[in-house]
Structure formats: C-alpha cells, structure tokens
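Visitor: Take a look at the letters that make up each chain.
2 protein chains.
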Amino acid sequence: MAVTSKRSATRCVEGSIPIVALAGGVGGAKLVQGLASVLPAQDLTVVVNTGDDEVFHGLYISPDLDTVMYSLAGLANRETGWGVAGDTFSALGMLKRYGAVGTWFNLGDKDLATHLERTRLLREGWTLSQATAHLCEKLGIQVSLVPMSDQPVRTVVETEEGVLPFQEYFVKHQCRPRVKRVRFEGAKTARISSSLEPAFRKAKALVMCPSNPIVSIGPILAVPNVRSRLDGFKGLRLAVSPIVAGQALRGPAAKMLQELGEEVSCVGVARRLREVCDIFVIDMLDSDRQQEIQALGLDMVVLDTVMNSDEDKARLARQILQVLRDRLA
Amino acid sequence: MAVTSKRSATRCVEGSIPIVALAGGVGGAKLVQGLASVLPAQDLTVVVNTGDDEVFHGLYISPDLDTVMYSLAGLANRETGWGVAGDTFSALGMLKRYGAVGTWFNLGDKDLATHLERTRLLREGWTLSQATAHLCEKLGIQVSLVPMSDQPVRTVVETEEGVLPFQEYFVKHQCRPRVKRVRFEGAKTARISSSLEPAFRKAKALVMCPSNPIVSIGPILAVPNVRSRLDGFKGLRLAVSPIVAGQALRGPAAKMLQELGEEVSCVGVARRLREVCDIFVIDMLDSDRQQEIQALGLDMVVLDTVMNSDEDKARLARQILQVLRDRLA
Chain A
724 MAVTSKRSAT
734 RCVEGSIPIV
744 ALAGGVGGAK
754 LVQGLASVLP
764 AQDLTVVVNT
774 GDDEVFHGLY
784 ISPDLDTVMY
794 SLAGLANRET
804 GWGVAGDTFS
814 ALGMLKRYGA
824 VGTWFNLGDK
834 DLATHLERTR
844 LLREGWTLSQ
854 ATAHLCEKLG
864 IQVSLVPMSD
874 QPVRTVVETE
884 EGVLPFQEYF
894 VKHQCRPRVK
904 RVRFEGAKTA
914 RISSSLEPAF
924 RKAKALVMCP
934 SNPIVSIGPI
944 LAVPNVRSRL
954 DGFKGLRLAV
964 SPIVAGQALR
974 GPAAKMLQEL
984 GEEVSCVGVA
994 RRLREVCDIF
1004 VIDMLDSDRQ
1014 QEIQALGLDM
1024 VVLDTVMNSD
1034 EDKARLARQI
1044 LQVLRDRLA
Chain B
724 MAVTSKRSAT
734 RCVEGSIPIV
744 ALAGGVGGAK
754 LVQGLASVLP
764 AQDLTVVVNT
774 GDDEVFHGLY
784 ISPDLDTVMY
794 SLAGLANRET
804 GWGVAGDTFS
814 ALGMLKRYGA
824 VGTWFNLGDK
834 DLATHLERTR
844 LLREGWTLSQ
854 ATAHLCEKLG
864 IQVSLVPMSD
874 QPVRTVVETE
884 EGVLPFQEYF
894 VKHQCRPRVK
904 RVRFEGAKTA
914 RISSSLEPAF
924 RKAKALVMCP
934 SNPIVSIGPI
944 LAVPNVRSRL
954 DGFKGLRLAV
964 SPIVAGQALR
974 GPAAKMLQEL
984 GEEVSCVGVA
994 RRLREVCDIF
1004 VIDMLDSDRQ
1014 QEIQALGLDM
1024 VVLDTVMNSD
1034 EDKARLARQI
1044 LQVLRDRLA
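Line by line, the protein sequences are chains A and B.
With this note's numbering, letter number 20 in the first sequence gets 743, and the count goes up by one each step, no holes.
With this note's numbering, letter number 289 in the second sequence gets 1012, and the count goes up by one each step, no holes.
None of these hints come from the bench; they were simulated from the model.
Take these hints with a grain of salt, some might be off.
[Claimed, not checked] Pairs of lysine-lysine, DSS-like flavour, derived with a Cα cap of 25 Å:
hint	chain 1	residue 1	chain 2	residue 2
1	A	Lys861	B	Lys819
2	B	Lys978	B	Lys895
3	B	Lys957	B	Lys911
4	A	Lys911	A	Lys957
5	B	Lys978	B	Lys903
6	A	Lys957	A	Lys925
7	A	Lys895	A	Lys819
8	A	Lys819	B	Lys861
9	B	Lys957	B	Lys925
10	B	Lys819	B	Lys895
11	A	Lys895	B	Lys861
12	A	Lys861	B	Lys895
Modelling step: build the complete structure from the supplied sequences, incorporating the hints.
Guide: If you want it as structure tokens, here you go:
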C-alpha cells in the first residue's frame, strides 16, 4: 500500500503516526503541546486558525498562532492563556499615554517583539507561513506550525450590538454582545497554505483539537480549499469536544453555541463537525451522551479530556494516538 | 517697526524673546529644556536634527527628536542620555532571540511605543512634523518641536573602516572608526518643515544649542532651504560652543573635529559656525580664547555653559536671554 511505504520512508518512530492537527486558541494549544511531546517532530503538522488575526499599532498580530507557538516553546502564560509568561507591559502603558488606537488589546513587551519581527518579514514579502516557520525555528520549535492560509481571513461576529471584528468581540467586549451570526470574510477566496500540502499527503490521521468549533475550527473549515482536503482525507479524522458537561473549559464556545440556537454539549459540537470527522472524543463526564454521538454516525470514544497539567496533555495525546493506532491496525 | 508690532501681538511675556533654537542630541536637549523653563511656550520653537534617523524593526526612529522630546516631558534617562528613565528591555531581548537585525541599537519598551505610534502615523500619511507635534501634545509638551525637514536626510560617516550610516558609527561601532568625511544624503533636495516658516518669521533670535557642530547642527545647515533662513535671518544668531576646555562634554564632537583636521576647541567650533552666527558663547574655562573668537568677527560672550542640573539649564538659558535682550535693546 502506497501510504505505508511512504510512512516507513520517513523514519517513523515505533508507534508514531503522521498527524495533521487543527487548532485554535488555548484548548487547542494544550493538545498540540501534548501531541508534540509524544510524536517525533516530523510527524506533527499543526494547522492554525488565522481568522482572529488583526493589525494593532501597525503590527500584524496572529493570536492563535502565537498561543500555539508560545505553548510549544514553553513560553506561554498559563494564567492568562495569552502572551508570554512574565512579560512586562511598558510599551502598552506608553501607547495609552499617546492615546493610541486599540490599546484595549493587551500586548506584552516580549509579545510585541514577535509582532514586530513577523510584521517586518511580511513587509519584506515573506508569506505568513514562512514568517511563522522562521519564528518557530528561532524559538527552537521543531514541529511544523502553519497558518491555515497565507491569505487574510477575518472572523466577523454579527451581534445584537453591531458587527464586530473578532478581537473587538472577544477582548474589547469580552464576548458580552449576543451573537446572531459568525462569518469569515475572505475565506471563500483564501487558499490552503502551500506548506500544508505535503503534510496532508503524508498524514494518516487528522486531529481536530478541543478548540472553539465556531470561531477556531470554523474559520479553518470555511476555506473551501482546506475543507476539500478534509473532505477527501484518506486517513482517520478525529475530533475532541471542547465542550465538557455542557460547559466550555475556556472561552465563549458554550455561550456562542447557545446564542446560535445550537445544543451546548458535546453532541452539539459533534453535529457541527460530523461531516469532517470519523471519530469523536468526548469526556468521561459526558459518557451518558454516547448513544447520541453514535446516532450521528460517528465512531465514539470516551476519554479524560480535561488538561490541567503537562502530564494531562501528554496522557490525552497518548490515548488519542492509541485510538488511532487501534483503528489503523 | 514691523517686527516689534508683530512681537507685541503675540502676547509677549515681560522680557521674553521669540526664539528658534537648533538642537541635536543630549547637550542640545539640555539647553532646550532650560529655554523651555524660562520662556513662554509660544516663544520657543526647536528645530531638531533628523540626520540620525533610522529604521529598526520596521519602525521609524528619530533619536534626536526623541531625546529632546523626552527631556521636555521630564521622561529622559539622565544616566544614558537616550531613552526613557526606568524603561524595561523585554522586547529587545526577545528580538535578539528571534535573531532580528539591528538589535545592537538599544530600544527600551516605552521608547518602542514612541516609534510604534510615530511609524503608524507616518504610514497613515502624516508628516514627521505632524507626528512629532501629536506625540509632544500627548506628553504635555507645549513648546514647538519640529524636525528640520519632513524629507529624509541621512548622515553618513565615511571612515577608514568603511562608509557607515550614523547609528552604525555612533552606536554599533561606538565612534571608534577614524572619520574621513561626513555627508548628509538627501540634504540637497530636502525642504524646511513648513511648520517652521511662521516661527522663523516671528523669531527675534536664533540659538544654536551646544550640540555636535558636525553631526547635529551640521545636517540642519546642510539643508539649503533651512540654511537660507539662517543666512537671511533678520534677528540675532547666537551659538553656544559644545566644546569646553578642548573636550566635548558628551559624544564624539572632539574626536570628529580632530580626525577631520579641525581645531578641537571652542575656536574650532566658532570657525565652523561663523557664517551663520553673530554671537558666540564660550565657557569660562575657555576665557583665554576670547580674542581668537573676536578675530573671527564674532560678538563673543563668556558664560558658565556646563549644565549638570535643571538649575544650571535654566540659569544658562536666562543668561542667554539677557545677552540677547541687551543686544536687541
């Protein structure tokens, strides 16, 4: 079988599986970190949501790419979920003094360096994928971190208080306005990052990390050119529910699902993702929902999906690998 | 007399004189601070050297404008002579980690905010004069701070170790390479900032602050369009020697004068500036050089020009005002 011979050719570590993971913010970054700790670097490619990207102070800021990158580099601020641990905020204070626009978006000084260097590279004509690879390399990250697209896609939240770019909804308004609709500007014409093509060809499994299905996984799926890779994917497609016991472990996923009239549960998430996934992982706390998930035609797995420590992340990653191995066997 | 009536029309404070001051870095900033403390704000316009300006990390940095601005805002770091007092350096450390180009140029985090906001304004089409006025207003500076030109002028130092942009010579190589020639790229076609026109029309005196005559005052004089305002100036033109007892109080002025084959003394400076000045102020320590200065056709004044404290700065400014008043009477 062609896939197998290709796999052996990449010096596959015992029991490893080449994986493409889809991730958004904090929850996604946690599982990515777990996967990176149990897979050889060449077997993991992470596709990251860029719908949250925004320009502040003339700098190109990619919050989800940064969250995953800082996590993998061991730099992430675990308390806040964004930014660099132990960062200072001197520049932001001074920007406020200058009456600069957009100082409601928290930017630490070390974080600022990331945006400065990335913006400089983009202005010099690098793609976002190239700039990301460069920054990751400098931080010693060996796993491939790739934006879903090098073209701009912007998540826009239509709320009862008006149409808001994602960061305004998420940070400035702290997700308070009631959501009517979410759309992804630019998605229709965006193309998959060319760096992802070989990874999709090589991968035997696709893992949708426990990220917000609407605004983290949603924008990735909204790029037709990416979506077609998922639809036509030859390997296994596994998704982990970010909703546990009817609640989002972090962020506005539960609130958004509810306001959009969807069920706030792992079943609601499964309904959203059923077309692009084969195996759906729910938390032990949701084991009473097994039959509903299976009724959607999904292969259902119950695991302890809550990740509070690095050990939890590695454990969940190992368990997911085992699930995939069992089914690929 | 037209000039007198114009002066009274500007609600002149008792004993004040509308002044245009020319300044570069630290020494210049000190006298500017002194002048600002004894003159009503509307009577002081400061023309600042922009030959040192450079782009680092994609940001437009104007070291002399910043030094004067931070001094007037009470933010200047008195120990280093550049940057903001008590600043952090988190971003720079991270930029080094990214292997960014130009991290030899020290940039504090608060300082970075200045460059971010200025660069954003410039990209939006503001002139450097407009951006400077905006930043100054936000820092509560009432005196007019104006770049010598809104067009780029770049000081380039031809040394025995090659041709160096000013910041490379000054910061990266710490002024070590022997200077053969200094030139000001772009000066010939640069025009005076339009914000300066009314100030030059109103001014009754022009004060060249004790800044490096070669690389601080030099670039200002190199712009023909500025130079013609000085040549045709109807009021008094006074210069303060930055060389005291054969030494520069700060910076490479003495070393540069020597390497360019000029006399390293207040007399050497006077020779450089004689065509654009009427009154030349030397320090008490140089009182033995009085006759040589006068022999150049200059009106010579001896003052204590060393400024170690805010009191020194105000005292020297008051004494200079008195010199000007005496001659305008």
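Visitor: Does each hint hold? Answer for all of them.
Guide: How the hints compare with the structure:
1. A:Lys861 x B:Lys819: With Cα atoms ~10 Å apart, Lys861 (chain A) and Lys819 (chain B) stay inside 25 Å; holds.
2. B:Lys978 x B:Lys895: 17 Å, holds
3. B:Lys957 x B:Lys911: Roughly 24 Å separates the two Cα atoms, so the pair holds.
4. A:Lys911 x A:Lys957: The hint holds at about 24 Å.
5. B:Lys978 x B:Lys903: 12 Å, holds
6. A:Lys957 x A:Lys925: Holds, at roughly 10 Å.
7. A:Lys895 x A:Lys819: With a Cα-Cα distance of about 15 Å, the restraint between Lys895 (chain A) and Lys819 (chain A) holds, given a limit of 25 Å.
8. A:Lys819 x B:Lys861: 10 Å, holds
9. B:Lys957 x B:Lys925: Holds. Lys957 (chain B) to Lys925 (chain B) sits at ~10 Å (cutoff 25 Å).
10. B:Lys819 x B:Lys895: Holds: Lys819 (chain B) and Lys895 (chain B) sit about 15 Å apart, inside 25 Å.
11. A:Lys895 x B:Lys861: 23 Å, holds
12. A:Lys861 x B:Lys895: 23 Å, holds
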